[in-house]
Amino acid sequence: MTAAVEAVDVRRSYQLDGLAVEALRGVSLRIDPGEHVAVIGPSGSGKSTLMHLLGCLDRPTSGTLLVGGRDVSTMTDAELAELRNRTIGFVFQSFQLLGRTSALDNVGLPLVYRGNRKAERRQRAAAALEAVGLGHRLGHLPGQLSGGEQQRVAIARALVTEPSVLLADEPTGNLDTRSGAEVMRLLARLNADRGVAVVVVTHDPEVAAMTRRRIGVRDGLVEYDRPEVAG
Amino acid sequence: MRAGEAFRVALDALRANRLRSALTMLGVVIGVAAVVILVALGSGAKQEVEDQVEGLGSNIIIVVPGKFEFGSAPSVSRLTLDDVDLLGRVVGDRDRVAVSVASGETVNVGRRESFVTVNGVNESVPNVFNRPLARGDYITATDVDTRRRVVVLGSSVVRRLFRDVDPLGRQLSIAGVRFRVIGVFAKVGSTFGVDRDAEVHIPVTAAQRLFGVDRIDALAVKAPTADSVAALQPKLVAALADRYEGEEFSAVTQTQILGTIGRILGLLTLVLSAIAAISLLVGGVGVSNIMLVSVRERTREIGLRKALGARQRDILLQFLIEAVLLCVVGGLLGIGVGVGSSYLVAALSPLPAVIAWWSPVVAFGVSAAVGIFFGVAPARRAGRLDPVVALRSE
Ligand SMILES: Nc1ncnc2c1ncn2[C@@H]1O[C@H](COP(=O)(O)OP(=O)(O)O)[C@@H](O)[C@H]1O
Ligand SMILES: [Mg+2]
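In order, the protein sequence lines correspond to chains A and B.
Here numbering that gives the first Met the number 0 is used: position 147 in the first sequence is 146, and no number is missing along the way.
Here numbering that gives the first Met the number 0 is used: position 345 in the second sequence is 344, and no number is missing along the way.
Treat the hints with care, as some may be off.
Okay, the calculated bits of chain A under chain B, using three or more residues with CB under 8 Å as the criterion [what the hints assert, rightly or not]: (1) 53–66; (2) 81–94.
Under 7 Å between C-beta atoms, here's a sample of chain A residues computed to sit facing chain B [what the hints assert, rightly or not]: (3) 77; (4) 109; (5) 112; (6) 114.
If you are wondering where the hints come from, they were derived from the structure by calculation, not from laboratory data.
For glycine and all other residues, C-beta sits at the position ideal for the given N, C-alpha and C.
Could you put together the complete structure from these sequences and hints?
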């Protein structure tokens, strides 16, 4: 089976005041289609950097990154943009919704870059919002929604393109425990129902416990990678 | 992304900051309006002078002593009435040669007085120039030969000195000497606020005595056809140069006068428009500035759009359209303001204004070009933003 995304000895360093900061120091991992994974590690361990690489928002300094079996290092920026649009869905800690735009049009935004017409965008966005239980909030602006609802809008936006991988960076970080748990249950359900691979980046072991596989990251390296809850 | 979609996104962004968009546009509005107004005034001035020169008549050659130059003081003239016969022989018809000796004098009727241009002329003036009479008769050859003290009045002289009284047959004094009114010119109007009807014509012989001179200032010859103008011009100069050795004379045609005036006014218009264009440039810089602010404010939005699949050119297009919209809408408003103000100036002041068809078209094109020119840098900056950095920015 072809991996949904695969990293082989991936490194990423930043130049900071002339000094090279190694955020990732040789990470290899493979996410298969339909997996439900948590990437867990303390703050500053390189989780977000890893997620940006897996999502093709960034390129590794060295190493190989394969998305759907294709080596992304040979692809142009425009091709990467299309790859993101077709195969990756992002969910961010701070929701990243457009404040003056309705939930419906926020969710339809990725389809704009596919050239879909408004009617089709709205129809598919409405279906995605329905799937996250927000069928009754289509016309609301982000400011008129609770934090949990906003994150569900963001999840609908990630799903509307029917990606093969959904990458969520600290999706519960800005939420209270109850809405956080709700969001995690929603992600689990979408993973089970739709077969979309879900990768949740978190520093919170309780959140990580709601997934089937956990990858521990520390100081830019994979510390452990195991399928069941430790201890 | 569809172009229509980019357009809608840009429009939304402009609407989100209505006041800022309006103020930014104002710079472009003022710049475009200034260009349109100044071009209109320049074209109007040119048109009016051209109409006037053409309205004089056709195929006219003016002969003056010295070099003919705009703005330079006229040379002291040694031309005399005998030169009418000389040039008459060159043209082959004495009736095609008009003369003029002019001076500003005070004229009065009783206690009403007025300062006017008194033009000493011969009977050929109506043959050469297009200067119709409203009433009465023009000066005749006999009037000139017998130095008769008769006068033909411009319409505003009549209005000032005679009011509602019929001036024909009545007397008026020019520099203290009494003349009898025999005719009244049809009204010609004013140019740049200068009244062209404040003029009187008297026989050249009477004028020479009145002014105490023997000379005449200039001769005007009407060529038989338009084609003969060019050939006649050097012959006239040569004939005079023959008679007055060592003196210089010039003959200028209407076409040459029009050309000179056209160049002067064209240059003037160009300089004024260039000054106005600077304000358009400043408006463009304002647009560029606001677009940079807009890109900075929306850095996170740009990062998000890129994460969701926007390519560099999608983002670039979105911001470029925004800048062009600002300029084009500003430009259209500026054209409206410019055209409106031009007509207002023309209506309320002696300055004429002519809106050439190309002026709004060019103004529109220029404002769109300003939008592209000043929008490209901010739009490229937006398009090139690294999505990770953009998403992390606050
Ligand atoms: N753009 C950047 N420039 C310099 N250093 C960076 C940059 N992004 C991340 N880093 C550094 O890389 C390391 C990993 O960061 P990150 O991936 O955000 O960690 P995490 O998400 O696990 O908290 C940190 O030390 C961070 O300071
Ligand atoms: Mg992080």
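So, against the hints stated earlier in the document, which numbers end up violated here?
none
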